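Listed below, chain by chain, are the residues.
Protein chains: 2
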Amino acid sequence: MSLLVVGTVAYDTIETPFGKEEMVIGGSGQYIGYAASYFVNDIKIVSIIGDDYQDKELSDMKNRGMDLDGVEVVKDGKSFFWAGKYHDDMNGRDTLVTDLNVLADFDPKIPNGYKDSEYIMLGNLTPDIQISVLDQLSVKPKLVMLDTMNFWMDVALDRLKEVLKRVDVLTINDEEARQLSGEYALIKAAEVIQKMGPKYLIIKKGEHGALLFHGDDVFFAPALPLHQVKDPTGAGDCFAGGFIGYMASTGDSSFENMKRGIVHGSAMASFCVEDFSNWNIKKLDQKNIDDRLRRFYNLTRFEL
Amino acid sequence: MSLLVVGTVAYDTIETPFGKEEMVIGGSGQYIGYAASYFVNDIKIVSIIGDDYQDKELSDMKNRGMDLDGVEVVKDGKSFFWAGKYHDDMNGRDTLVTDLNVLADFDPKIPNGYKDSEYIMLGNLTPDIQISVLDQLSVKPKLVMLDTMNFWMDVALDRLKEVLKRVDVLTINDEEARQLSGEYALIKAAEVIQKMGPKYLIIKKGEHGALLFHGDDVFFAPALPLHQVKDPTGAGDCFAGGFIGYMASTGDSSFENMKRGIVHGSAMASFCVEDFSNWNIKKLDQKNIDDRLRRFYNLTRFEL
Numbered sequence: 001m002s003l004l005v006v007g008t009v010a011y012d013t014i015e016t017p018f019g020k021e022e023m024v025i026g027g028s029g030q031y032i033g034y035a036a037s038y039f040v041n042d043i044k045i046v047s048i049i050g051d052d053y054q055d056k057e058l059s060d061m062k063n064r065g066m067d068l069d070g071v072e073v074v075k076d077g078k079s080f081f082w083a084g085k086y087h088d089d090m091n092g093r094d095t096l097v098t099d100l101n102v103l104a105d106f107d108p109k110i111p112n113g114y115k116d117s118e119y120i121m122l123g124n125l126t127p128d129i130q131i132s133v134l135d136q137l138s139v140k141p142k143l144v145m146l147d148t149m150n151f152w153m154d155v156a157l158d159r160l161k162e163v164l165k166r167v168d169v170l171t172i173n174d175e176e177a178r179q180l181s182g183e184y185a186l187i188k189a190a191e192v193i194q195k196m197g198p199k200y201l202i203i204k205k206g207e208h209g210a211l212l213f214h215g216d217d218v219f220f221a222p223a224l225p226l227h228q229v230k231d232p233t234g235a236g237d238c239f240a241g242g243f244i245g246y247m248a249s250t251g252d253s254s255f256e257n258m259k260r261g262i263v264h265g266s267a268m269a270s271f272c273v274e275d276f277s278n279w280n281i282k283k284l285d286q287k288n289i290d291d292r293l294r295r296f297y298n299l300t301r302f303e304l
Numbered sequence: 305m306s307l308l309v310v311g312t313v314a315y316d317t318i319e320t321p322f323g324k325e326e327m328v329i330g331g332s333g334q335y336i337g338y339a340a341s342y343f344v345n346d347i348k349i350v351s352i353i354g355d356d357y358q359d360k361e362l363s364d365m366k367n368r369g370m371d372l373d374g375v376e377v378v379k380d381g382k383s384f385f386w387a388g389k390y391h392d393d394m395n396g397r398d399t400l401v402t403d404l405n406v407l408a409d410f411d412p413k414i415p416n417g418y419k420d421s422e423y424i425m426l427g428n429l430t431p432d433i434q435i436s437v438l439d440q441l442s443v444k445p446k447l448v449m450l451d452t453m454n455f456w457m458d459v460a461l462d463r464l465k466e467v468l469k470r471v472d473v474l475t476i477n478d479e480e481a482r483q484l485s486g487e488y489a490l491i492k493a494a495e496v497i498q499k500m501g502p503k504y505l506i507i508k509k510g511e512h513g514a515l516l517f518h519g520d521d522v523f524f525a526p527a528l529p530l531h532q533v534k535d536p537t538g539a540g541d542c543f544a545g546g547f548i549g550y551m552a553s554t555g556d557s558s559f560e561n562m563k564r565g566i567v568h569g570s571a572m573a574s575f576c577v578e579d580f581s582n583w584n585i586k587k588l589d590q591k592n593i594d595d596r597l598r599r600f601y602n603l604t605r606f607e608l
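Just so you know, the protein sequences line up as chains R and F, in that order.
Position 304, counted from 1, in the first sequence is what my numbering calls 304; the numbers after and before it change by one each time, with no gaps.
Heads up, my numbering is the position in the second sequence plus 304, with the first residue counted as 1.
Simulated from the structure, these hints should not be mistaken for lab results.
These numbers were taken from a predicted model, which means no experiment stands behind them.
One thing to keep in mind: the hints can contain errors.
As the list claims (entries may be wrong) - Computed footprint of chain R on chain F, listed as stretches where at least three residues anywhere in the stretch have a Cβ under 8 Å from a Cβ of chain R:
| hint | stretch |
| --- | --- |
| 1 | 471 to 477 |
| 2 | 483 to 493 |
| 3 | 524 to 532 |
| 4 | 591 to 601 |
Unchecked claim - Computed list of chain F residues with no C-beta within reach of chain R, every gap over 12 Å:
| hint | residue |
| --- | --- |
| 5 | E319 |
| 6 | Q358 |
| 7 | L362 |
| 8 | P445 |
The C-beta atom is built at its ideal place from N, Cα and C for all residues, glycine as well.
From just these sequences and the hints, can you work out the full model?
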């Protein structure tokens, strides 16, 4: 099945208690693409970069099966740049620099060959861009998933609510779920948010795992306790990429299969945080993934 | 199997966003006792109270199978009293009053009939008291479990380390595990703490669930998403009581059975927080518990 991914392809400078890495690869689009690439091979990326972006990185993406025809390259432009520093406990972070650069004028043009994509992953961008992408599709997709953040709830809530009506799966963190719904208890927040449009809500809790809500059904997947978390950047995107990639590879949108999707997403997020940037998520093989899925399986398994 | 519980039997005044309740029943000993009472009926309580304690509450405890011969009643004494106010998000709380009262001079005398107890639950008290209890036992118990907190790590670390050498299962929260071990990653913290004595470590993460570590084995049990959390007081004690009660009822200290114990503890904690004080945990029946265990089972169940 075909997967359309809209997100950033960017540079990051990241400081964590484990080191500082300057001008490394970042951006939701490439994280989602890499994580999905282990499950599905028809991946179409929609993004924008400057001509400062390294050819080597673009060819690495193509080699993992990503079609980059939808990545606009702006001549003499600079790619989106973010710099951040994580706190000692890795749970919080401060943004030091956000240079939108070419992203400031991003008006996605979906190539004709992308318009009948069956699975759509709308990475965290302005709701206007997310709506524009959906408007350009020629065929109703099988599954539309959207990631967003508190910033868009603060500055573009009405547009966010518009796009939510057209989305099947929403993925946000626990604080964002509380902000969007006005409810503290996550089970109540999920009821409110499902009435806004998305029939499936995934609440990401970082090192505390993820919850999937659908009607009265709830599923919880833990995060794997890891010996080392070097850089949490991209974890949420790799989670989303692993989830949507698995969904696209199976073509089965049942709740039971979404549970497996959540575990696949959690596994990809766990790989992502073990090293800086996309360094770990670029170099996995099937055995790495199978072993990790088995660890997730064993982690919560018990018989009454 | 017989279960010996050492803990406080006390009064609390509790304020949460859902109300304020004055001079209600509190204390780790009675929470542990009630939670365990649904699984085992030979429960011996060691504690201290003033003669201000309500007879009705003592007879309620006896009616749930708790032997109170080990509860010293101090004539003209006042029972331990704690007052606290929870923050709006219920995750943090401020202690407003701690009146030790009779607890200040607590020097537990273990009745002869208690000294061969097979399962020992040492509630959160000074390490000196916990050591004194172990010193008075006449037979090596099958399983000793200990609860403690950051306060004892701050003011009595050496004595705490002494008692830890004699304990099979330690239960603390994630921040306490980090403080005790000096390691941030919980999987590393668990390795360090297991070398201090307890072969089994349970890390409680409140609304984020609980982890069980033993050697290289890890098990994770989520907390159940609840519609309403009215009062978190006693949740950790009910978790411990459900766990040790289940362990005592089965007589099986294998890792597989401890996983079931963790789930039983999580279920009892989930009942506890749904109402103030011990109001909910006092009035359960087997069907309530079976239904809840089934919800826990379904919450994390998936097939690869």
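A quick look at each hint next to the structure:
no.: 1; hint: 471 to 477; in the structure: violated (count 0)
no.: 2; hint: 483 to 493; in the structure: holds (count 5)
no.: 3; hint: 524 to 532; in the structure: holds (count 7)
no.: 4; hint: 591 to 601; in the structure: holds (count 3)
no.: 5; hint: E319; in the structure: holds, 16 Å
no.: 6; hint: Q358; in the structure: holds, 33 Å
no.: 7; hint: L362; in the structure: holds, 34 Å
no.: 8; hint: P445; in the structure: holds, 25 Å
Hint check: a violation occurs at hint 1 only; the rest are consistent with the structure.
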